[in-house]
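Letter by letter, the chains look like this.
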Amino acid sequence: MNPDDPERRPEDYLEVAKSGVRSPRGSLRVYLGMCPGVGKTFAMLEDARRLRSEGASLLVGVVETHGRADTEAVMAGLPVLARKLLTHRGTELPEFDLDEALRLRPELVLVDELAHTNAPTSRHPKRWQDVQELLDAGINVWTTLNIQHVESLRDAVMRITGIRVHETVPDTFLENAAEIRVVDITPEQLRARLESGKVYLGERAGVAADHFFREGNLRALREMALRFTTQKVDAEKREFMRRNLIPGPWRTSERFLVAVGPSPHSGRLVRIACRLAQAQDAGWLGVYVDSGEVLSVEAGGRLAENLALVRALGGEVISLPAEDTAAALLEVARRENITQIIAGKALHLSWWSRLSGTGISERLQRDSGDIDILLVHPGETTVQEQKAVTAGKNYSRAREWGLVLGALAGVSLIGLLLEGFIGYRSVALLYLLCAAMAGLVISRIAVIVLAIAGSIAWNFLFTQPRLSFNMLNAEDVVLLFTSLVVAIVIGHLTNRLRHRELASRKAEERARALYQLTRVTSASISLEQGVRSALAQVEQVFSAQATLLGLSNSGNLEILGGPPMDKKEESVCQWALEHSQPAGRFTDTLPQAAIMALPLSVNGQITSVLAVKPTNDQLASPLLRDLLETFAAHFSVMLEKEEYQRSSRESVLRERAGEFQSALLDHVSHEIKTPVAVIQGASDHLLATNLPPAARPLVEELRQAAKRLNRVLTQLVALTRAEAGLIEARIEVCDAFDLMREVAENAGSDRVVVEECDLTFRTDAAIFETIFSNLLQNALQHGSGPVHVAANEENNQIRFLVTNQGPPIPEADQAVIFERFQRGKNSRAGGMGLGLPIAKKFAALLEGEVLLSSSDSRETRFELRLPQH
Amino acid sequence: MQNPDKVLVIDDEIQIRRLLRLTLETAGWKVGEAETGAAGLSEAAYFRPDCVILDLGLPDLPGMEVLKRLREWSQTPVLILSVHDDPLDKVQALEAGADDYVTKPFDAAELVARCRAIMRRREIREENPVFEAGSLTIDFAARSVNVKGQVVDFTATEYALLRLLALNAGRVMTHSQILRQIWGPKAEEQRQYLRVYIAAIRRKAGDSLNIKTESGIGYRLVG
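As they're listed, the protein sequences go chains A and B. Mapping of the first sequence onto the numbering used here: position 317 corresponds to residue 317, and the numbering continues sequentially without gaps. Mapping of the second sequence onto the numbering used here: position 5 corresponds to residue 5, and the numbering continues sequentially without gaps.
Hints were generated in silico from the structure; no laboratory data involved. Glycine included, C-beta positions come from ideal geometry on N, C-alpha and C. You may find that some hints are simply not true.
[To be verified] Covered, in the sense of this in silico footprint (three residues per stretch, anywhere, with C-beta under 8 Å from a C-beta of chain A), are these stretches of chain B:
1) 33-46
2) 100-108
3) 192-203
[As the list claims (entries may be wrong)] No farther apart than 25 Å at their CA atoms in a straight line, the calculated lysine to any residue pairs in the SDA-like style are these:
4) B:Lys212 / A:Arg123
5) B:Lys186 / A:Ile731
6) B:Lys212 / A:Asp750
7) B:Lys212 / A:Glu671
8) A:Lys707 / A:Glu671
9) B:Lys30 / B:Met119
10) B:Lys6 / A:Ala688
11) A:Lys84 / A:Arg123
12) A:Lys707 / B:Met119
13) B:Lys68 / B:Ile217
14) B:Lys186 / A:Pro786
15) B:Lys212 / A:Pro786
16) B:Lys204 / A:Arg741
17) A:Lys707 / B:Val102
18) A:Lys707 / B:Lys6
[Unchecked claim] Calculated from the model, a selection of chain A residues having no Cβ within reach of chain B, i.e. all distances over 12 Å:
19) Asp370
20) Ala474
21) Ser669
22) Gly725
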């Protein structure tokens, strides 16, 4: 494929890049069956036996044999992990021992029944989460699963079999499976196995089981299992195409939005959205619009569940406060480039929305423009669920109706008392006033009811003839209807006003909380003070105790601010840190804990955890949860800032230390070089005079020693300056032969042979000279005979070769010759071994490298490679 | 016997001064000494040296400052003797008017040779219309170059470059000095030209001419 194909989008390249950096994650194999009894566990164990005979280290983590002889037979001889006994309400539950499996670290762990729900005191509520942790730890896992436990198929299974499945595994988890193996038998075979008693039916009553295993059901489930696997293969194909940049039929431009609410139907809507998005390989998000309506505890819980479902199915969650749900949905859709909105079809439209066309679905259809709208029928709900909805509503509305009745009775009483003074027609205005004002506290429907009831009460109690619904006076009739309409309109308007005010107050509270947080933290001088005041803000806003923990140098979590925690809470924080996921209360992991731990990312690394211990349930609300996440992000920024400041302080210190070291060495070298110059000059002078023959070798020694001292000093200064980053390359065009010849001349030895060449390249001549003269000196020093120097060009690089004859560099030394203060073991005395480190260091300044290209009994060759530019 | 050449040593290190005095007197020159920059400048006026050896690290004035002040009124050849071996320092000193640059510790014989070379340059310029180095002769009046008895053709630019180096024989000419004088002030950054022409001159003149490359600094014709 041509990589410059203009059809490629950056995302495609990103995907490709992604596939290149696989984390060492364990791989997952799922044995998928249409229902219990098809022989998944047996198939898995048989494969395991075969693998074990090939010598693999594996462990049976948990397998239910249900007492079946053939299963037990095939398991015999495989190492089995002992179950961990957890006590819950007096009963002992044998559960999979995750910690022990992690400790033993086999290559493969067999975990039966992926959808199993763990005992309440376990680390994770679900077994698939245990498996996730095993995979994260790099352990391969084989597991078994029945098709009805796949989250997105739950509704379909329920429609077919009539059985509601509670234990499900999210699709996103299954998407990560490396392999899905269908264990398939025909429904006839299964029926036969069932009849011969080979299938364990659990605690299910015979009738229910019989219903489940009806042949029609089995066919449908089997088709589902096969289709699921096909889809997985399909997805893999698409993935492959994308990875290999094959232009495929995927349409990533499609994006779905599903409106999520506290309704029990929402879950179904979410699953539909997920399947639609998956089928088209498109992104999707769930949006909750908080219109300010007070939710009952159950409704709030369901909302949280529905939003969690979106996350579990791989969607993104957005929640925002707005009075107008339809407008808010469309706004989000436009902002997020949504192509299709999925919403529930309203079953019971109020007469008002029917008349005015202000129902959410109507509004969506009318204002959506080019965005497609898919309205989904909510589907059958069970009696239980219906109850749940109405119960939720009754709870919040009971007070309202009480208010309506009270207001009606109150106004009627006052009217009866005052009628004598103000006349009966004024009483109608009192009813009107009451309905108008009620709009401030009660819902729209209640206002309408109040207005109508008020009219009726006035008609009944005050108009002639009294205590009847008849009216004699035409004026009264007009007054009745006018005040009724006015009451409804005003009540409606005040009601809207109240909602808007509530929404804006909420938004304002949120903004103020954030503003307060920013203010107190930015005003603090030190990190400690900032953390303290930020934690105080968290406590105030969320009425929760807050603690900030950070990784210490020793790798343990330590408290940076806030009250101390007990062992169990610390382990929750530890988990959140290690897995970069929120843990504890209101989350999927360790939900029974008293605290909720949010991992904080500082400069892309999770090094801290914010732990909150809520005193009430308000954090279950997505809006507050969202706010808490924003607070957490603020903590991250605060720690990041501190980290940045610390590192910049450190780098300034380091730089200063480097400069100081270099300046010191400059000074010392200056001070030493002068006397060295004197020694060298004096010996030169002496050698030029008529020395007594006995003195001559001594003076010669003196001169050599001075020269050597000078060389070492120069090298030390050069290396120190390079390491302090004080040397800057000044690149210019140079002639390779010219440079080599000059260095050879300055080397002061007639053993150097420079091979002629015609090569130019861009480099810093002085730095080059330093590198090359050090290589040359090294060659002269470590070998005897001629030193050959040559240069050639290869792949836009200039290679300089320095070759000398002599003993090879021992292999043990080859690795260390470029280290400072190392010298080949068999090298002659002289030279502190700085030459090669300098060559290496300086070559790096020119974006080149120095390497030992060969060393044998004949010759040793060093190579300097520099870019030609 | 003609008057010996006079060399002024400006260095604050008494040991260096004593050593230089010994070395230079052995070479047959008369030596003057100054311990500070200020003393060096007045000594240059009174002593009238033929060559100045100047240390850059002086206690009162930076050596560069001494050089600049000296150049305001004197063209006496100056050899810088310093412990600094950064090419930038060298280029700076040479551009400010120094004739050569030797780092400490130095080779006594080489120092003497370099002093001699920069003193000879004055003679070439003032008295000789002909430059001779080994078997190479340049007749400035006739604009002709003779190598081993044969006339060799040089292009105008090559000749101008050769002439410049010959007139400054023994002295290090920095890249920018050469470029400025031959191609004009705008060509200062185009060193690749220079490299090409130097290579051509070297090829035509063969081994009778020694043009040394001073890495990162410039070229020097060794006379």
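Hint by hint, here is what the structure shows:
1. 33-46: Per the Cβ count (0), the hint is violated.
2. 100-108: holds (count 5)
3. 192-203: Holds: 3 residues of the segment 192-203 of chain B have a Cβ under 8 Å from chain A.
4. B:Lys212 / A:Arg123: Between lysine 212 of chain B and arginine 123 of chain A the Cα gap is close to 79 Å, so the pair fails against 25 Å, i.e. violated.
5. B:Lys186 / A:Ile731: Since the Cα atoms of lysine 186 of chain B and isoleucine 731 of chain A sit roughly 19 Å apart, the hinted pair holds (cutoff 25 Å).
6. B:Lys212 / A:Asp750: This hinted pair holds, its Cα atoms lying about 18 Å apart.
7. B:Lys212 / A:Glu671: violated (31 Å)
8. A:Lys707 / A:Glu671: holds (16 Å)
9. B:Lys30 / B:Met119: holds (14 Å)
10. B:Lys6 / A:Ala688: Cα-Cα ~22 Å, so holds.
11. A:Lys84 / A:Arg123: holds (12 Å)
12. A:Lys707 / B:Met119: violated (28 Å)
13. B:Lys68 / B:Ile217: holds (19 Å)
14. B:Lys186 / A:Pro786: Violated - the C-alpha atoms of proline 786 of chain A and lysine 186 of chain B are around 45 Å apart, more than 25 Å.
15. B:Lys212 / A:Pro786: At roughly 23 Å apart (the allowed maximum being 25 Å), proline 786 of chain A and lysine 212 of chain B satisfy the hint.
16. B:Lys204 / A:Arg741: Distance of about 18 Å is within 25 Å: holds.
17. A:Lys707 / B:Val102: Between lysine 707 of chain A and valine 102 of chain B the Cα gap is close to 15 Å, so the pair holds against 25 Å.
18. A:Lys707 / B:Lys6: violated (29 Å)
19. Asp370: Its Cβ never comes within 12 Å of chain B, the nearest being 59 Å, so this holds.
20. Ala474: holds (105 Å)
21. Ser669: It is violated; serine 669 of chain A is separated from chain B by about 7 Å at its closest Cβ, not greater than 12 Å.
22. Gly725: The claim holds: glycine 725 of chain A sits with its nearest Cβ about 15 Å from chain B, beyond 12 Å.
Checked against the numbered hints above, the structure breaks hints 1, 4, 7, 12, 14, 18 and 21 and satisfies the rest.
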